[in-house]
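Once you have looked at the hints, place chain B on chain A.
There are 2 protein chains.
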Amino acid sequence: MRILCIGAGGVGGAAAGIVARRSFFEVFVVADYDLARAESAVKSVPPELRQRFEAVALDASNKGAVADAIRRHRITHVLNAVDPRFVMPIFEGTAEAGATYLDMAMSLSAPHPEMPYQLPGVKLGDLQFERSGEWEAAGRLALVGMGVEPGLSDVFAAYAQEFLFSRIDELAVRDGANLVVEGYDFAPSFSIWTTIEECLNPPVVYSSEHGWTTTEPFSDPELFDFPEGIGQVECVNVEHEEVVLMPRWIEAKAVNFKYGLGNEFIDVLRVLHKLGLDSTEPVNVKGSLVSPRDVVAACLPDPATLGPKIKGKTCAGVLVRGNDKEGRPRSTYLYHVVDNAWTMENYGSQCVVWQTAINPIIALELLAGGTWTGAGVLGPEAFPSKPFLDLMAAPEPEGYGSPWRIREEDRA
Amino acid sequence: MRILCIGAGGVGGAAAGIVARRSFFEVFVVADYDLARAESAVKSVPPELRQRFEAVALDASNKGAVADAIRRHRITHVLNAVDPRFVMPIFEGTAEAGATYLDMAMSLSAPHPEMPYQLPGVKLGDLQFERSGEWEAAGRLALVGMGVEPGLSDVFAAYAQEFLFSRIDELAVRDGANLVVEGYDFAPSFSIWTTIEECLNPPVVYSSEHGWTTTEPFSDPELFDFPEGIGQVECVNVEHEEVVLMPRWIEAKAVNFKYGLGNEFIDVLRVLHKLGLDSTEPVNVKGSLVSPRDVVAACLPDPATLGPKIKGKTCAGVLVRGNDKEGRPRSTYLYHVVDNAWTMENYGSQCVVWQTAINPIIALELLAGGTWTGAGVLGPEAFPSKPFLDLMAAPEPEGYGSPWRIREEDRA
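From first to last, the protein sequence lines are chains A and B.
Reading the first sequence from the start, the letters are residues 1 to 412 in UniProt numbering.
Reading the second sequence from the start, the letters are residues 1 to 412 in UniProt numbering.
Everything labelled a hint here was simulated from the structure, so no lab data went into it.
Fair warning: this is a prediction, and the values are worked out from it, not measured in the lab.
It is possible that some hints are incorrect.
Since copy identity is lost for identical chains, a pair holds within one copy or between any two.
Computed list of lysine-lysine pairs in DSS-like fashion (alpha-carbon distance at most 30 Å, straight line) [unchecked claim]:
hint, residue 1, residue 2
1, LYS43, LYS63
2, LYS123, LYS274
3, LYS325, LYS253
4, LYS274, LYS286
5, LYS63, LYS286
6, LYS274, LYS43
7, LYS325, LYS63
8, LYS386, LYS253
9, LYS43, LYS286
Isolated chain A (complex conformation) (with noise of 0.2 Å):
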């Protein structure tokens, strides 16, 4: 397996981190736009881990240069980790030169034209989605939506769904953390680019009843009581991958995702919004034309360089509502929560990039093994879930000794 990652920024830099400790794979080739980068994310891994590794410049916008790029190195598995607006030239890049494809966020939604809060336009991923069967009929994978949220959040839902429940009549994502960056007003611990587009789009949710439907951003508030000491956090409904993919391949009558934002950051965010500040659209400021959303990110830290001042975890999961294989009502919520002090003794990496990056790098090693197989454009619920989450579990170096667990809820 020959894997190009493209995108140096803190998930691709987790990724390499991750990797490197795994035998699984013959050559890991890190892309960025900014070679630099590139080559400082090689750097990180430990030199005696390091001759697997090669970094590259790449525009990842230009599609042409992607599937070039896949060809020079002759690689057989590209992973997207670059923000969503770069899906669809790599996606189509790798199609191009006949890769496999993984992403962790999907191609990007458009609000409906006349009644955006009520219904979607295009949704998340439609415009992969409708190239499924070119893939397929090339007998090619497209694995989307591997990441922690989306990504381990499917797995624990196909999961629930073979080995603990009968009827499943909710899956709820819930993600929320309790990080604080010491010496920082403000310090977003991921991408505020994506933040902003998945949090200002309207949020999409599915019934069995009603299909998909889209509600005002922040919708349907609620705390939700994270384990291993996280605690309560205000949660709002947020545009996700999962509420597209899980419908798909798990038989569920709703499905949401709300995040953990807590109301100061809704805060924010409700006022970069209210000014206009959300707007990738260029604004003349005397004479320099800039995006006001890329003049938010640049006055704000780089989360990739946050990690030895953030405290605190982060938890990734689902709570599922229905009956068990028994028929008696279960209500169970199947989680994953990262420590930032764990994530950084062992990996140099803080505990969300962290989180998102270790799971497309199992998804590989289970593609390497043939234990996962697929064509077509495929979400993690298409897969077998066990292996993922033993794999993930297992300690080193057979597995990646990163628990998962299960709480069962009392108000079942």
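Quick look at chain B alone, frame taken from chain A:
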């Protein structure tokens, strides 16, 4: 009197419309960095009143250029109507060329390097007051802080001292409005650059016991009940010139300024500050160097263009607490309310910039007639208040037809 008005933004444009109806001056030159904007301000004057107006290009940051313009047009009085970054070059250029100077905002403050929220560093206007001796020796006048707030509020305080009170315990300047701008989620009716500057600097307060001290931004919130239907608005301490002006001429135990920002605007300013978007230091956004605060301004509509979409009234005033001339406790709010519908109908200007612009024009008329005279750097308190208030309130054409009022407070 030959007037040079520097700045053709909202206030400069409104000043042209107001002065056009008066006979006390010979020429009114409107200068702006952008000649087209100066020409547009002149064109906004009705054609039959336009013959005494001229538009010129001028860089307000260049004191030599300011002095040259004064000499070239044989200017006797300079009205500074640009944002307070340009106070010092205009002030110095005017001194060099030997004209009378008026402004509506004073030279900028600098926070105390160690204790910014306890002690003032460089106060508003300090850079101007330290030059007062030169102006006085030259027999020339710099009338500073002569807008509405500062300006009219200071005239009210002088009036209260002379005619209403024997002892003043507190001069509490309170500024509030109930303006809404149709069609916008968020559209400040005044320069966001200046609003950020004054609201995020440490607010200054005065007491006869401790002199000038500072607090945290947005400190000491109170609901103030504004008159004429505006109603209760959340007001907080804001750095403002009145607090440094009034104690120089009026004996008061305490002086403070609270601005009726309302909770929504306070929240917006807090978020801008938290994210560093209030900063004037350029950041690098994909190769372009831009100041985040300029980006915020570029994302918002130009306040000068909002007039037709605004509904509501704005109020400026001073609540004076102390003893009346007979020694009995008295608490009196002296105020000036302007309705946007009225300013739009009568002047084509929105109410906030109109209320700012009318005051220096009245002052210029009093200087032209010799009712106000003086030398040195002086605030509005240094001049007789009654002729000012009478001229403002008297119906046109003798006066400006804009009444002020007194409300006795029940709590006294």
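Hints, one by one, checked against the model:
Taking identical chains as interchangeable, the C-alpha atoms of LYS43 and LYS63 lie at most 30 Å apart only when both belong to the same chain, with a minimum of 27 Å there against 53 Å between chains. Taking the closest pair of Cα atoms, LYS123 and LYS274 come within 30 Å of each other only inside a single copy of the chain (24 Å); across copies the shortest separation is 33 Å, beyond that limit. Only within a single protomer do LYS325 and LYS253 lie at most 30 Å apart by alpha-carbon distance; the minimum there is 17 Å, versus 78 Å between protomers. For a Cα distance limit of 30 Å, the shortest separation of LYS274 from LYS286 qualifies both inside one copy, at 22 Å, and across copies, at 24 Å.
Within a single copy, LYS63 and LYS286 get their C-alpha atoms only as close as 34 Å, which misses the 30 Å cut-off; across copies the closest is 22 Å, which meets it. With identical chains, the CA atoms of LYS274 and LYS43 are never at most 30 Å apart, being 42 Å at best within one copy and 34 Å at best between copies. Taking CA atoms no more than 30 Å apart as the test, LYS325 paired with LYS63 passes in neither setting, with 47 Å inside one copy and 83 Å between copies. Proximity of LYS386 to LYS253 under the C-alpha cut-off of 30 Å is restricted to the intra-copy arrangement: shortest distance 23 Å within a copy versus 76 Å between copies.
When the C-alpha separation of LYS43 and LYS286 is checked against a cutoff of 30 Å, the pair qualifies only between copies, where the shortest distance is 25 Å, while the shortest distance within a copy is 40 Å.
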